[in-house]
Structure formats: C-alpha cells, structure tokens
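Fit chains X, G and V to the given chain B structure using the hints.
Residue numbers (our numbering), protein chains in the order written: chain B, 1 to 416; chain X, 1 to 416; chain G, 1 to 416; chain V, 1 to 416.
Mixed in with the good hints there might be a few duds.
Treat identical chains as interchangeable: a pair holds within one or across any two.
To be verified - List time: in silico DSBU-like cross-link candidates among lysine-lysine, alpha-carbon distance up to 35 Å: (1) K240 x K401; (2) K401 x K102; (3) K212 x K235; (4) K341 x K401; (5) K109 x K341; (6) K341 x K102; (7) K166 x K317; (8) K167 x K349; (9) K200 x K177; (10) K235 x K166; (11) K212 x K341; (12) K5 x K102; (13) K5 x K235; (14) K230 x K50; (15) K166 x K141; (16) K235 x K409; (17) K59 x K349; (18) K413 x K341; (19) K50 x K212; (20) K230 x K261; (21) K200 x K413; (22) K177 x K341; (23) K401 x K26.
Hints listed in this document are in silico derivations from the structure and should not be mistaken for laboratory results.
Protein chains: 4
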Amino acid sequence: MSQSKGTVVLAYSGGLDTSCILVWLKEQGYDVIAYLANIGQNENFEEARKKALALGARKVYIEDVSREFVEEFIWLAVQANALYEDRYLLGTSLARPCIARKQVEIAQKEGAQFVSHGATGKGNDQVRFELTCYALCPQIKIIAPWRMPEFYNRFRGRNDLMDYAKKHGIPVPVTPKSPWSMDENLMHISYEAGILENPKNQAPPGLYTKTKDPATSPDTPDILEIEFRKGVPVKVTNTKDGATRQSSLELFVYLNEIAGKHGVGRIDIVENRFIGMKSRGIYETPAGTILYHAHLDIEAFTMDREVRKIKQGLALKFSELVYNGFWYSPECDYVRHCISKSQEMVEGKVCVSAFKGQVYILGRESPRSLYNEELVSMNVQGDYEPSDATGFININSLRLKEYHRLQSKVAAKQNE
Amino acid sequence: MSQSKGTVVLAYSGGLDTSCILVWLKEQGYDVIAYLANIGQNENFEEARKKALALGARKVYIEDVSREFVEEFIWLAVQANALYEDRYLLGTSLARPCIARKQVEIAQKEGAQFVSHGATGKGNDQVRFELTCYALCPQIKIIAPWRMPEFYNRFRGRNDLMDYAKKHGIPVPVTPKSPWSMDENLMHISYEAGILENPKNQAPPGLYTKTKDPATSPDTPDILEIEFRKGVPVKVTNTKDGATRQSSLELFVYLNEIAGKHGVGRIDIVENRFIGMKSRGIYETPAGTILYHAHLDIEAFTMDREVRKIKQGLALKFSELVYNGFWYSPECDYVRHCISKSQEMVEGKVCVSAFKGQVYILGRESPRSLYNEELVSMNVQGDYEPSDATGFININSLRLKEYHRLQSKVAAKQNE
Amino acid sequence: MSQSKGTVVLAYSGGLDTSCILVWLKEQGYDVIAYLANIGQNENFEEARKKALALGARKVYIEDVSREFVEEFIWLAVQANALYEDRYLLGTSLARPCIARKQVEIAQKEGAQFVSHGATGKGNDQVRFELTCYALCPQIKIIAPWRMPEFYNRFRGRNDLMDYAKKHGIPVPVTPKSPWSMDENLMHISYEAGILENPKNQAPPGLYTKTKDPATSPDTPDILEIEFRKGVPVKVTNTKDGATRQSSLELFVYLNEIAGKHGVGRIDIVENRFIGMKSRGIYETPAGTILYHAHLDIEAFTMDREVRKIKQGLALKFSELVYNGFWYSPECDYVRHCISKSQEMVEGKVCVSAFKGQVYILGRESPRSLYNEELVSMNVQGDYEPSDATGFININSLRLKEYHRLQSKVAAKQNE
Amino acid sequence: MSQSKGTVVLAYSGGLDTSCILVWLKEQGYDVIAYLANIGQNENFEEARKKALALGARKVYIEDVSREFVEEFIWLAVQANALYEDRYLLGTSLARPCIARKQVEIAQKEGAQFVSHGATGKGNDQVRFELTCYALCPQIKIIAPWRMPEFYNRFRGRNDLMDYAKKHGIPVPVTPKSPWSMDENLMHISYEAGILENPKNQAPPGLYTKTKDPATSPDTPDILEIEFRKGVPVKVTNTKDGATRQSSLELFVYLNEIAGKHGVGRIDIVENRFIGMKSRGIYETPAGTILYHAHLDIEAFTMDREVRKIKQGLALKFSELVYNGFWYSPECDYVRHCISKSQEMVEGKVCVSAFKGQVYILGRESPRSLYNEELVSMNVQGDYEPSDATGFININSLRLKEYHRLQSKVAAKQNE
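Just chain B, same shape as in the assembly (with noise of 0.2 Å):
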C-alpha cells in the first residue's frame, strides 16, 4: 500500500464539484479533511457531513462562522461604505477571508500541509482563497484543481463529474441544475455564469431567492429604527411592532428578513475582475442594502466634510482591496485600522422605510451630530456673519479672476 502524500483540508461544499474534487484527492494519494463553513448559506450540513464521510474524508470539520462574520468583516464593510466599482457590495468577498481563515487554523491543528478547494480559474474566488491561506501560514501549499491539467482535462464538463461520480459511488444531485451557479452565504447571494453569460439576457423570473419579487412584495412598508455606535449598528427597532434586534448576527438576520420581504437589495452588475475580464453578476444583498444607505445616512450627519473626503478615498480603497483577495494585507489592515478610527463619533439613530425593492431615509438624529440646526436655519441668523460669505466669496474668486485675465491675454494675443 502505498504513502500517503499528506493531508489535504479540502473548502468542502457537499456539492457535486468538490465531492468528486474529494475523492480525486484520495485517488491521488492525499488525506482529505473536509471542511464546511457554515456561512450562512441554506445548507443541510449533516447530511453533506455524512456524505464527505461516506466519500472517505477522514475527518469533516462543519464550522460555524456566521458570527465572526458579520462582526469582523460585514462590520467594516458597513463602517466603510464599502462599495466596488460603484453598485457591488462585496457580499462574495467579505466572505472568502473569513472561510479561508478557520480553514488555514484546521491545517495547522491537524497539521495538514496542503489546503485544497473548488474555485475555478478563471474567477475572483481562488485569488480571495489563497491570498488569505499565504498571507496567514506562507509555507501551506494550495492544490487548485481546477487549475491542475490533470484534473480539468479530465473533467471537461459537467457531464465527465457525472460519469466519475457514478463510477465511484458519488450521489448524483437529482434535481436539475439551474442554468446559472450561485454562491450563498449569509450577506448575499450571487447568479452567474450560464444563460447569464450573456449580459443582455435579463434575469428569468425566478431566479431570486432571498429577496420577494417588489411587484408581489407587501403594499405597506416597514419602518426601522437603526441605532449606530461607533458606525456599527447595534439595535434595530421595527416601528410598526416594536420588534427589537440588538446582538449583532440576530439584528443582521431580522434586517434580512425584512428587506427580503420588501424586495429590497437586488442588483445586476457587469464588473472587473482582479484577473482582467469583465463579468456578468445578479446579486441579492438584503441586509447589506439597508445597513449601506443606513450608515451613509448617519455618517454624514456626524463626521466632519473633511474628513469624510478622506475616508471616502480609503473606504474605495478598501472596497478594492476587499474585492481582489488582499483582506489579509499589511495594506489592509493599514487602511481598516483608519477606517474605524474615522468612526469614532459616528453613533445616532436612523429611520428607514424599506418599501417595494427601495430603502428610504426619512429622518436621523445624534448626540453626536455636527449638524446645527440654528446655525444653518433660514430664520436664524445666529452668530452667523453673512458679510463673511462676501470676503470668501471674494477671496475663492481671486484665482479664477486670474485664470480670466490670463486667457484674455494670451486671446488677444493669438489675434494680433
């Protein structure tokens, strides 16, 4: 009988892919571990542990990670404004360091020198997984099957994982596969690939699953009370039944089932990947929708202009680095710690309507807030000077004044 070449820790999903992905692994020689995060995906995890099991994984390590998630990475995305290329919310992103982090400890407690997963090679997936592995333990070694030619040759398509499934005592999945793939976890769920391919094809119906149709959503809204510490929020008020969240993954889990129920966070995007190509998403993000407006609301009425424009700056930054894998960087924990310095005073409460598919403000108020209702009233001249407004006025003109006299002069000029 022949060595063992190591232990694997495979990122296993209980799907199709990853099962066959498993045992190719033990048929090349490896020690699988399998491992399933619970994200926060609608997953039945005893069922894909028994399975990896009956697969031949010698250990299954099912990890709930949704807490650590939302506290240490759905957070500093709120804190953040965390936006990539203007409309995605890094529900996909924000996740795959935080998977990749508690897989990287499993390979160090059992020693295991190689991780393993089912990212393909063309996506932003397999950048997000490894980047986090090397940056927390340099000397792991990652096996990519999907970029191995051994193994994508052999499995050209779906039907070669079918036929190897069969062959070796794999169960096949009997539902249909949807003609897109999707990614789930507890902040978003992501469509891709297949029919949607082509970016002019428009989401069939149905294809939605954490958000109601805003057409068959209720006709009355529901009106949330947010309350923001230090830019996170910290309890959730519904004002039509007093229906109160106040820990962090249960306010993030009833945020969810309401936008849900309204319609609310769905997108369709063409984005950059890290790897250079274009590609085609529909995303849902229901919680993350309403916290993203909540908190843009409630920063604006406490933080300085000033530095706002600073951090707005760091938090693109930051949506960027997020998005191409480098959440685990001296550069990111450089532009986190800023971050969540700049939301020190961002604390106060905002009233929010979710209606339809759309999130609207309707009012805010703080302890903390440099608004200053006298100062800016119409009514109120207060300690307010209006002839000052003249000299700056005055003074900010000077440069276009010269600006002025300058083209005059070179215009005479060329028409001499």
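Then chains X, G and V, alone, in the frame of chain B:
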C-alpha cells in the same frame, strides 16, 4: 432728481423676495433689468414679466436655457456619474452656472456694471452664482442684498417683506407659504428649511411634486431601452408602447415623465455645504436618477477597469467642484475635458425598468464592449490558461508572505 | 479717563511693525499683553521684552516653544515626508500653529478676549494664526490691523510707520531694512517680497543666512548616521568625529549646524498661496532637508509598497492642510493619526553625506526591513519560482489584449 | 535535418548572456534574428552585429531609437514630473517600451511568431518587455529563457555560461565582470545586484560612469536657460558661452554633458518592484534631473493651483504605470492624454545652475504665467481688498468651531 447709480441685472423669480429686492434696488438708486431664466421650472413666465415691469423694471429678459442646461451641463454630469457625497445628483448645483452665465451675457449686452440675486447668505447658491459671474466677467460688481446689513436688518422675517410689499404695491402671494422652501428646475426640485430644518422630521405627505408616491404608482413597470453614444443618451425607447425620444431636451423631459410616474428619484439627505455647515435637503431627480444608473452600467460594460478607476477619481473631484460653485474654473474645465475623453467608447444600449420608486438594470449590449463572453465563460476555456492564475496569485502573495515573515520576526523578538 | 476696551494678547516680534501695532492698540483703548515666541529664531529676546514694556505693554510673555515645535510639529512633518507642491518643506507653516497655540493659552490664562498679530492681509500666515485661534478657542476675537482700513489707510508704507514710531517714542531700526522680508524659526528662514517679487530676479549674494554658500563650503563631506524609531530621528552620529545627539531639540539643532555648514537646504520657488495667488519665496531648511531625505529612505526600506502608496496620498493631504493653516482641524487630526500609525515599523539607520549643498544617501539597515536580500538576489533562486512570473505577466496582459482586440474591431469597422 | 520551430526576434545586447541565449535558441531549433536597440548606451554596435552573425543569427537589426526615446517617452515623463516612489526618475522603465515596440515591429515585418529577451525572472524588465509586446501584438509568443527550467537549471551561474560559451565558440569577455550589473541608456544608468545587494554597502568609488564626482567637479557652475513650450524643453542656452541646443535629441545630450560634468543626478535608493520585492539600485540620471527641477518650476509658475493638484495625482499614477510596465495600456494612454492636456500653457524660461551635484533654480519668466506681481506685492494693494480675507478666514473657521463645540459637548458629557 438724483442720478442713477447704474444698471443692475437682477435674477428675478417672480416671488416675494426678489420682487421686494427689485423695488429696494430702485429705492437705492439703481436702474433694474429683471432676468428670469426658464430652466424648466413650473412657472407663469408671462405673469412674472408683467409683474416685474409693473414694479419698475426697465426691461425684462425671460430666457429659455432648458436645452443648454441639458446639453452643456446635465450631460456632463451623466458622463461623470456625478454624485456629491455619494448621494446628491447635483440638480441645483448644475443649474446655477447655466443661469448665471446668461445673466452675465445680459449684463454685458446691456452695459450693466452690476448683477444681483436673492440667494441667502448661508447657502451654496450665492457662491455658485457669484463665482460664475466673476469667472466670466471679473470686473462685474455683485449686489447680494441678503448679505447687506442695510437689507437684512430691515427685512428680518417674512412679515417685514409682506409689510414692505403692501407699502410698495408689490402683489402679495394669496396662498399661504409652504412651511419649507423649494427650488425647481428641469432636473430636480429641492425642499429645505422651515419644518425640514429638524433632521429628524419626516417629509410630510404631499411635499413631493415631481414624483408619484411609490405606494400609489402603477403596478406595472415601464421598461426603457436607453442608447448611449460617447457617454450621453441619444435615444430612449419605451418597450411597452414603442415611444421613442431622440433629441436631448425631449429625451430628458420624457425620462422625467416616466420616472416621475413611477416615483423614481426621491432622497432625503444631510449634506455639507461649501460654507462649512451641514444642511438637510429632500430632493426629487426623476430623469437624473434613471440616467445615473443606466450610464453607470454602460460605462462599466465598455470602459477598461483601470481607466474607470482613474475617471472615478476625477468624477469625485468634478462633483465637488460643481457643488461648490466652480463650474467655471480652470480645474473644472480640465476635469471636464478629461472626463469627456474617457467617454469616447461609452456606447451601447441599456435596458432599465422603472417601478415603485426603483430603477432596475435588466441587461445591456454594446458594439464597443470589453466584455468577452467567451473569455469569461465557465464552460469554454478559450485562450485562457488556468495555470497562469497560479503564477499570478503566487506573485501577488510574495509581498504578503514577506510581511508575515517580518511580523513573525518582530513578534519573536518581543517574546524573547 | 476712558475705560479699556479689553485685553489683547499681541504676537510681538520686537520689530517696527508690531511695535507700532502695540502702541496703536493702546491708542485704540486696549490693554496690551505682548507675547514673543522663542521658536529658535535669532533674536535678542531680553531687548524685545524691555522694548515692549517701554512701549506700554501691561505684561510680556517670552515663551520658549522650540522643543515642542520640534517634537509636536516638525517630527510629524518628517514622518509624513511633508512637501507642499513637491518642494516646500513647510518651515513657516509648521511654526504658526505652534506659536498661536501658546498665544491662545496666554489669552485664556489672562482672561483676554482678544488676540492680535502683525501678519499682512495677502499672506498665508494670517490664515494659519487665526484658524488655530478659532479652532482652539472659538469665542476669541481677533484684531488683524493690516486688514483694518483705519490701520492700513493710515500706514501706507514704511515711511508712515517710521513717522509714527518717531512720534510715539518707538525705537527706530538703525540699520537699513533689507530689500526683502524675512521670517525665521528653528526649522527654516524665508525671504520674500521687495526685490524678490520679480520672479526672474536671482537671489542676491549675501541673502542667505542659515547655510554656507556651496561654493565656499568645506571640501570634505560630513557623514552622518541617523537612527529612526517610529519614523522619528532618535540619534545622530557623525562618523567623522563620533559626535552624537539624541534628544530631539539638540539633534535637530546639530543637524542644522552640519547641514548649514555644507550649504544644504536652499530653494527658490513660486508657490500657490491659500488665498489664491502665486508668490515667490527663497527658503533655507538645513536640518529639514537632511531629515526629509533620510526618512524617505528608511521608510521605503521598512514599509510595505502598498501601505506606502496610501500613506503618500495622506501625506499629500497633510501637507496641503498644514500649508493652508488647518493644523488644528478634524481632518488634520485624522490624517496625523493615520500617518503616525503607518510609522510604527519605520525603524533603522540611514547613512547620509552632506556635501556642497547636496544630501546623499549612502546606505541603510534596519531590524524591521521588508528588504530580503536572499529573495531579491540575482544569484540565489531561493523559494522564488521564476515561472510564476510568467503567469503573473500573462494575467496582467489579459486586459491589454482585450483592449487591443476591441481597438482592432473598432478600427476595422471604421475602415469598412 | 530537423524543421525550424519558427523565427525568434531576440533582444540582443552583445554581452555574454544574450550571446548564449542566441546560441541556445538555435540549439532549440529556432531561427534567430538578433535585434539591438541603440538607445544611447555606450556600445560598439558594429562589433555586436558581427558577433551576432558569427553566432548564427539569420539577420541582425541595429535600430537607432534614441530620438523617439527622447520625444515619445522622456518628454512625457518631463511633462509629468514623473517620479516613482518620490525618487526614481524612471530611466530604465521608460526605455523598455521604446525598445520592445521596435522589437515587435521587426517581428511583424519578418513574420516571426516569437520574441525573446534576456531579462531575469525576478525583475521588472521582463514585465515591461512582455506587456509591451502583448499589448501591441496579442498573438506574439514570448520566450523568456531565464524563466524556463531547462535554461536556468542548465545555467546556474556565470561559470556555466562561460563553459557554454567556450564550448560553442562564443567570445568570452576578457575583462573581469564588475561586481554589480549595469543597464544604460541615453537617460540613465543603473547599478544593481552583486555587492550592492547588501543595502548597507556604500557605492564603491569608481562605480559612477555618467557623472563626475562632485568632489572633483568644476568649482564654477554652468548656468543654463531652459525654455519650455507645452511643458517640453525646446531650447537650452548656456549663459557662460552662449552655446544653444534646440532639437530634442541634441538638447538632451547636451544637458547630459553639462549635468554629468557637475555630478548632477546620482541617487541610491531601495525601491519596490512590481513583482513584490524590494530592491536596491544606484542610478545616474544627469539631464533628467535638471529637467525634472526646471519643469517643476515652470509648471508651478504657469499652472493654476487646483489644476496642478489634479495633474499631480495623475502623474503619480503615470509614474506607477510606467514603472510597472503598463506604458501601452488603456489607462496609460488615458493618463498621458490628460497630462499632455494640462501642459498647454506651460511655457517660459527657467534659469538653472548646475554645480557640485546640485541643481539650483535661479529665476523664471513666462508670457503665460499666472503669477501677478502687482497682486502679490506687499507694497501695492491693487484691487485686493484685505477685509475679504477676514470673511474668508471666518467662513473657513466655521467648521472648526462647530467641531470644537461638539468635542466640548462630548467631553462635558463624559465628565458628568
């Protein structure tokens, strides 16, 4: 009889404030030319003309600047995806330089040394008006009554204006003033001040005028195909009834109609004024909201990722400049040039749905897209070599590994 | 006898201008407290004290702020590599908030409602002084005589000041005024105005006071080893004679001496004032120039590339804020925090040579460097896998190839 | 006799490495065309031609690209004030796309499917060469022997190359190799590797080749008047002897001569390679250093402050792109366009002195300057209204006062 102090071109709105200013300016010894820009607001222009003449204006100019507003101002904001502080589509900010430019033209034509306006001393509009005037005509003199003690000490509230009006035969509004102030143009309407000054107060029902309440808006969407060339919309087709619009002004008016009908474009925000205070505004921007989303989509589809990032930075600057009143400035000239340059290949059709206050992107197509369906496909390998991604990831991880190495070394030293 | 209008703390320099202002303020009915900061300039402080008292100052404060200037202001600029418009090391800009902060402290201690200064109405210093005062003590009132018509109309030139001085027993300078104005502190000296206002005029021989002419400076360099911790110099050793300096102030003074001896730190620039005009200045910043180069080097050696890029952007902002007078502002607080955070690992020794007006970096070492001699070596392959670079390049080329593909398609179409 | 695998255009330097590669490529079955760019380096081109032919090159191209290097590459860097990581003038980075462009042209003309180069697998140059090739000719195939195991495992050090050379009749260098590697072109020379890999080691005496040692350089400066149009030098006049140069190449060569004579342009830095490692380099860039300073000065003199700030951001990006090898990329095209646009008014004369390793700006003049001597003058009030500055400062302080108010409120609350 005393000599005239000279001629003033007054930006006249027909309302109580500027009517009193008109009379007051005459009282101060100026000849007054009233100028009223038709920039798409809902207004009885002929009545305003008569009123101005009746109040003693030497001449009245009513100038339709709607088309130039769309073509020379709004289109640039669309190309830029211009957004101030992540939310405000700049509806008022864009109108000011358009209005003031014409005012300067009239002053130059009429040989007037003065221009005047009724903007308050705490707001942005005074800055936008005056910087435009100074930039285009450095020697112009500006009379801003609301910043002159002799004026604002005399007119301390609406009652003082009413009294003055009665005394000087200025027609007094018969309907009671709404408990907030409004400013309207073709692109947007703003509601500010009064009861809205408390940022916690929700917008009262009945406030909105340009958009239907999403609660009562139609139960079926309108689906529009918007065609862009060089980043500017050149054709809109309603797929429901086949209606099309191609000329800029008509196209924009049509989008206002459809978006308004579906309740699209409402926001309630606190923003930072140039003058240094925070203010609260409720805005409606129907067509602008649709175009923002549609342009964002076609741009992402046709523009290189890295060009997009650079252009995004320039657009942030552009938005700030426009908000602060620097449309006519060397830096805004420069930024506009650069942004327009980036739009040369932004061409194609976006399909959008307007429904219940929301805009949904449904699909897009373009002869100049950088999207490559074959390259990105999960089913086709194409020219793409998956193993290249391994090298790409490894090289990207180099820096992260080095950082880890250093951190470990430092940590080890500290534990010694 | 008339009542005092209150107490003014006047930033007093001992020169003709502020002596006249002192007397003039008394004439206007104020009690005057003279405040003279010792910030390292060449000055006879005791004589100035006597003069102020003789002119009627109720009290004189001579405050040595040199050490806090170095530790709380200059060190931050060193950490930032602060440079305004690519050239100016901000010697004056950094001194102003340090001087004004103490002035506000004195005003608060003395219960004075007013502060006053002799800065002109066209310059940056008025802004820097006053923004500092307002930020630290919003209710303070500022008397800026050079912006008050009753003052500047009375004193239209130096002769008017001389006449006034003679009339009021103010000692008149016996040496003729140099044909330019100077401002000096520990970090730098500036020469402006007068014959230097023509930007074509070369600095006359004999203008410089802090640095030797490189033409006559020593023919052998001084070679210094500068040690940094957290981005701040903590020790300087002269390899020639073994002299060392460790305490911040002594270290800085020593670097001034060595740099000055070798003619290091002269520049002649045209810069953009906050007020909107361009001005010409000739500056000497001996120690600051050495530290700029040395810090740049040790930072590049110890800081991650991407962190550096982000920090560079923040430092650009920092420099602009400091130049414009916003040292005490929420945004500058924030930026300083972020920059300091970036310096935690900036530690090590840089070897520099000062010679004939130039600073040369000769070498560097650090226990916290990210430089990895083995990794970069051309002779050792180490862990590095050259073939990874192929994948890295190929993936990076993907976008470029796609762009080429599109350009060709478009070109082909245009040629049809 | 076996069939050719095809034709390779090899970037040939005449040295040991590329000579071995030439023979090795033939050994592998390729037809080899040698290409040697004359980009201003010190080289015996005819000898190299003979050598290549003797080694079996089917054809030799020796192409003089000096003038296009100056006009199409260096001039853009001058306009940009391009500087990588605050110090490196990009002398090598700019040369690579110029060299590779011609290589691709030759490949296309000769119908060669392959290009090859001798750049190492750890450096930047491989990236710069290959990205240029792929961007200009996506279907080209690149042979990079130093990244191919069959090559680098065979040639593990210089001795292996020497042995191979002797065996294959390749002339072996008679002079011992210098203990570092060099790369030269018209703009600069770099010294790296070998004994310089230890960043603490000082550059040994005798290393420099393009500049005189400042210790022995002339004791009197050369004073040059450099005239710019559209941000590009168009004329240089030496005020000492009246010598002038106007044509781009001649002008640049002349500046190299003068700067070199005075020891101008030496730096010793640690920089961050694109590949993710830090490396140490010693560089000489004589003419480039003078032009950097002169252009900075004329630009500041003629460009609006705010345009300058935006352009500065673009130039930072430009420098990074050029360093990383993305000269031919959509984003670099775009940035170059924007930077050139900013230079339209950058016109005038700068007077500079080169002396003992240093460049001093002495004065400047321009028909298009925004400098207004009268406006800035301390003696002339002009149109400037000093009281405007009061309003300007007050309005700017508003935000700071509000922040203070909030801080006090929060502090008060915490002390309750």
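Verification of the supplied hints:
For a Cα distance limit of 35 Å, the shortest separation of K240 from K401 qualifies neither inside one copy, at 57 Å, nor across copies, at 40 Å. For the identical chains of this complex, K401 and K102 are inter-copy neighbours only, at 18 Å across copies versus 61 Å inside a copy, given an alpha-carbon limit of 35 Å. Proximity of K212 and K235 under a CA criterion of 35 Å is satisfied in both settings, with 24 Å inside one chain copy and 32 Å between copies. Taking the closest pair of Cα atoms, K341 and K401 come within 35 Å of each other only across two copies (21 Å); inside a single copy the shortest separation is 40 Å, beyond that limit.
Taking the shortest Cα distances, K109 and K341 sit within 35 Å of each other both inside one copy (34 Å) and across copies (33 Å). Proximity of K341 and K102 under a CA criterion of 35 Å is satisfied in both settings, with 27 Å inside one chain copy and 28 Å between copies. Taking the shortest Cα distances, K166 and K317 never come within 35 Å of each other, neither inside one copy (47 Å) nor across copies (54 Å). In this homomeric assembly, K167 and K349 never come within 35 Å of each other (Cα to Cα): the closest approach is 59 Å inside a single copy and 48 Å across copies.
With identical chains, the CA atoms of K200 and K177 are at most 35 Å apart within one copy only, with a shortest distance of 22 Å there and 49 Å across copies. In this homomeric assembly, K235 and K166 never come within 35 Å of each other (Cα to Cα): the closest approach is 50 Å inside a single copy and 54 Å across copies. With identical chains, the CA atoms of K212 and K341 are never at most 35 Å apart, being 37 Å at best within one copy and 41 Å at best between copies. When the C-alpha separation of K5 and K102 is checked against a cutoff of 35 Å, the pair qualifies only within one copy, where the shortest distance is 23 Å, while the shortest distance between copies is 49 Å.
Taking the shortest Cα distances, K5 and K235 never come within 35 Å of each other, neither inside one copy (51 Å) nor across copies (54 Å). In this homomeric assembly, K230 and K50 never come within 35 Å of each other (Cα to Cα): the closest approach is 43 Å inside a single copy and 54 Å across copies. In this assembly of identical chains, the alpha carbons of K166 and K141 lie at most 35 Å apart only when taken from the same copy (30 Å versus 41 Å across copies). For the identical chains of this complex, K235 and K409 are inter-copy neighbours only, at 24 Å across copies versus 62 Å inside a copy, given an alpha-carbon limit of 35 Å.
When the C-alpha separation of K59 and K349 is checked against a cutoff of 35 Å, the pair qualifies neither within a copy, at 47 Å, nor between copies, at 51 Å. Within a single copy, K413 and K341 get their C-alpha atoms only as close as 54 Å, which misses the 35 Å cut-off; across copies the closest is 21 Å, which meets it. Proximity of K50 and K212 under a CA criterion of 35 Å is satisfied intra-copy only: 33 Å inside one chain copy versus 55 Å between copies. For the identical chains of this complex, K230 and K261 are intra-copy neighbours only, at 28 Å inside a copy versus 39 Å across copies, given an alpha-carbon limit of 35 Å.
Only between protomers do K200 and K413 lie at most 35 Å apart by alpha-carbon distance; the minimum there is 22 Å, versus 54 Å within a single protomer. Taking CA atoms no more than 35 Å apart as the test, K177 paired with K341 passes in neither setting, with 46 Å inside one copy and 45 Å between copies. For the homomeric pair K401 and K26, the shortest alpha-carbon distance between copies (29 Å) is at most 35 Å, but the shortest distance inside one copy (76 Å) is not.
In summary, the structure is inconsistent with hints 1, 7, 8, 10, 11, 13, 14, 17, 22 from the numbered list given earlier, while agreeing with the others.
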